[in-house]
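Those protein sequences? They're chains A and B, same order as listed. Position one of the first sequence corresponds to residue 1 (our numbering), numbered consecutively onward. Position one of the second sequence corresponds to residue 216 (our numbering), numbered consecutively onward.
Because the hints were derived from the structure by calculation, they are not lab data.
If you only want the chain B side, here are some residues facing chain A, beta carbon under 8 Å, derived:
1) 254
2) 294
3) 309
4) 346
5) 390
6) 392
7) 400
8) 402
9) 405
10) 409
11) 415
12) 418
13) 421
14) 427
Built from N, CA and C at the ideal position, the CB exists for glycine as well.
Listed here are the chains, written in short residue letters.
2 protein chains.
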Amino acid sequence: MTEAPSARTKVNRYRWLAKYDVDTVYGILDAMPLCHVAYVHEGKPVVTPTLQWRDGDRIYWHGAAGGRMMNTTQGHEVCLCVSILDGLVMARSAFNFNVNHRSVMVFGIAHPVTDPDEKYRQLKRFVDGFVPGQWDRLRPPTPNELGVTALHSMSLTEASAKVRAGPPEDNDDDYNFAVWAGTLPIQLQIGAPIPDPRNLPDVEMPAEVQDFKIG
Amino acid sequence: MTEAPSARTKVNRYRWLAKYDVDTVYGILDAMPLCHVAYVHEGKPVVTPTLQWRDGDRIYWHGAAGGRMMNTTQGHEVCLCVSILDGLVMARSAFNFNVNHRSVMVFGIAHPVTDPDEKYRQLKRFVDGFVPGQWDRLRPPTPNELGVTALHSMSLTEASAKVRAGPPEDNDDDYNFAVWAGTLPIQLQIGAPIPDPRNLPDVEMPAEVQDFKIG
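Start from the sequences, fold in the hints, and give me the full structure.
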């Protein structure tokens, strides 16, 4: 989970993790809406969890207009990270103890999406990304609701991925050490939908809800 | 998932999310080792995923000595965030569309842990936090391995939590809108352990592996 060490340390074990191909980067972003946006506020680092989605080669996130995160990041550098935990890797030494994971890091400038049509289109994309067709089933947004929702987008030009998968990788000598090694898979599981007790008696759950999946 | 909007927006819907009691904060940190550490590097924000653990009122994380994250943060301000996604909240409007979640944000100075005994003790705590007793079963760490592993700690004095749970909260008028509303629970699931194909024939999986749980 740690970064590639600098050349000074003479340890290169994480170098192989870095991936830059578009399929890997987009695949991770599309699998996990939860992201962490880091920014500098009055000289200090802040990281805020929020939800992201992708449209082609741009990433989008939203927040409260007037809130610190959206206000501070607008037009400024951010670093956005998406991480998925896939397993615990139990090696034969603490040093090779690890986690299987997929993560993406994006650097860039947060651009506000202000065009009303584009903002509407992207918010629809956000909701439909969870449950296809859901936007059109909902009570339509009011001008005030759209006004207090801010939207930022960022180019995916400076994006990179790290992926660690598979069994433990131990030092050659350690394979003779008598300890159990292996991996414990970790997966996000979606439970049975819980209808709101205040649902009207005649509403039906859209079939697409059953297909909801992340991770 | 977004922050509490400022007073200017006249919208206060997220104010109720903030929690500051120790049990809530510690409970979230103990449930999820994955964290995101934000810091300022050459004036720009960076966020790095890593693994954290807690000892009393301090939080710890490790990384490669000489790596950018550990080098840059040492003695400097960081913001560390732990987030757990608990469900998708399908409300009757896009505006009230939300996620159930638990998150903790900690601000503070990253202090390097340099005392060898304390470093050893904390790394043991880290490994045993996943699988109790595992540290003593592993091939012991070498001085070189301990040397290339850096450890930081931070006070939990400036920590706060946000928790959103339960059914959708719609505008009063919207409860008459004929659309299905409800929540889709999301949970981290641990799969059956996968033994390393290179395990020695006589090694047995520790019973504690079966109890591994996060989220």
